[in-house]
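Residues per chain are reported as follows:
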Amino acid sequence: MRYIQRHSAFARGLHWIHTIACLSLFATGLILFIPSVAAAVGTATVQGARMVHRVMAVIFIVAPIVSMIISPKGFVHLWNSLFFKWDADDKEFMKKFFPYLLFGAKQHMPPQKINKSGQGAVDGVLIFASVFISLTGVVLWWPEFFGGPTSGLFQWSLVLHSGLMILIGVIMLAHIYLGAGIFQPYKGSGKLMFGNGRVTESDALYHWGHWAKDELKKGDNVIVE
Amino acid sequence: MAETAIMYDSSKCTACKGCQVACKQWNQLPSPLSSELFEYTESFQAPRDLGSNTWLIINFSEEDKEIGIDWNFMRNSCFHCTDAACEMACPVGAISHKDNGAVVIDQDKCIGCRYCVASCPFDVPRWDEAKNKTFKCWQCFDRTSAGRAPACVSTCPTDALQFGDRAEMLGLARERVSELKAAGFDKAEIYGEDELGGLHTIVVAHRGLEAHGLIRDPKIGLTDFWQFLKPLGAIGAGATVLGLGFSYFMARDYDRGEYSYDEATDTVSVKEVE
Ligand code: SF4
Ligand code: SF4
Ligand code: SF4
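If you're matching them up, the sequences are chains A and B in order. Under the working numbering, the very last position in the first sequence is 263; numbers go up by exactly one each time. Under the working numbering, the very last position in the second sequence is 287; numbers go up by exactly one each time.
Next up, chain A with everything else stripped away, as it sits in the complex:
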């Protein structure tokens, strides 16, 4: 059986940290977003949740920045995965993606390079949303540096912070559905980030046809077991 090493231990570690930060930010944020939940859990729990929210927010922001410094190569890779020129296969992938998602068994998808075009597009939105949810979060944390809570900036931050949470939440639901391999054609994907970072030859060919062929030809990252 042949495998391709797709994600390094460093990338997986960062993904773990960000998963924990992200999920706890959601859980603690939702307490404040839904007043009936906050009322049900009581003031002390809400205050505890706010503290956890802030600690996790620091991790959420600092972890990717630190990893960018430690591994600039990873950053370049990410950059390239966002801004690459789409060829015919990439465009066709985007066109077929929703029918594929809804009727997975019937739709044949075109082969992809190291990153799927759709993934790149969603990642772009996600990074943009993450930067803005962080910036608005800073305003909400320290209003005194931004004209106080009666300033328009604070009020907009409140609205944007909530709106971006919804946007990121919806993307995350889809990300978990696909990434954890709940969607049948994506079965086994969870191991890529949460396991040893390897993908089987078959899965690699199915998901990233062009990339898999290149890797199998090159052989550097191929593991035979």
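It is worth saying that the hints were derived from the structure and are not from the lab. Do not rely on the hints blindly, as some may be mistaken.
[Claimed, not checked] Dumping the calculated SDA-like pairs for lysine to any residue here, alpha-carbon to alpha-carbon at most 20 Å: (1) B:122 with A:82; (2) B:284 with A:238; (3) A:134 with A:151.
[As the list claims (entries may be wrong)] To give an idea of the chain A side of the interface with chain B (calculated C-beta under 7 Å), a few residues: (4) 73; (5) 77; (6) 140; (7) 192; (8) 208; (9) 230; (10) 240; (11) 244; (12) 255.
[Stated by the list, open to error] Interface residues of chain A toward chain B, partial, derived using beta-carbon atoms under 10 Å: (13) 193; (14) 205; (15) 243.
The beta carbon of each residue, even a glycine, is placed where N, CA and C say it ideally should be.
With chain A's structure known, arrange chain B with the ligands on it following the hints.
Relative to the frame of chain A, chain B with the ligands by itself:
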């Protein structure tokens, strides 16, 4: 409990500040004891602004006229709005309406987030940094629920402040506006009848709303939009889960087969899986 309201008649107010003192006294709100701690206001107004320990002030906006000065006083405190932005914004449900229309903060529940401070169109709630709680006028609910008038009202020597059934207060205000108009105050107006669903502080502004610093047609603004995000978020999440559920259902039995690649011949083959 019937809806009640405070009525403030600016034409009768002498700005004696008795109400300010009564509010502090009844609600046990300390004042700074050294004069240096009071900011100079350049007018007879004192203090300059509301605070976590100052729930009521009489605002001065003097206008120099050819003959004398127009003393346009205004009672600056919570209006106890029917559509209260502060209540909508509070993420923990610490702000609520009493049956009589009073809008009250429960400090035990307050987490000090200041969302209410950000939302109130009149800049009323004030945050106390040391306590990390927010405070404002509560229309002396302890007194009114026991059948007494709020402290500020009961101390007013000129009857510029009155308290009672809201409809009755509106009736008095209307009458007073007609009287004032007949006496030459042609800009006299009522404030609070319909604003934000109806306020529970009714104002007779004898020189017109603007002269007394009142906001004409106040809006809830962003808070409304923000609240709208909550059902939108629920719909978004619900629709996504439904869509993904459908996707799961449609693809549940799909098996894509075993892919393999032969580098020598550059061919990908797919073996059907039984
Ligand atoms: S005036 Fe401000 S604090 Fe008072 S009820 Fe209205 S929104 Fe709330
Ligand atoms: S500061 Fe207190 S009362 Fe105001 S919105 Fe936050 S929790 Fe509610
Ligand atoms: S109603 Fe009570 S709390 Fe409100 S301003 Fe008057 S005295 Fe103060």
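Right, here's what the structure says about each hint:
no.	hint	in the structure
1	B:122 with A:82	9 Å, holds
2	B:284 with A:238	15 Å, holds
3	A:134 with A:151	16 Å, holds
4	73	5 Å, holds
5	77	4 Å, holds
6	140	5 Å, holds
7	192	5 Å, holds
8	208	5 Å, holds
9	230	16 Å, violated
10	240	4 Å, holds
11	244	5 Å, holds
12	255	5 Å, holds
13	193	5 Å, holds
14	205	8 Å, holds
15	243	4 Å, holds
Figure legend: structure checked against the earlier numbered hints; the only hint not met is number 9.
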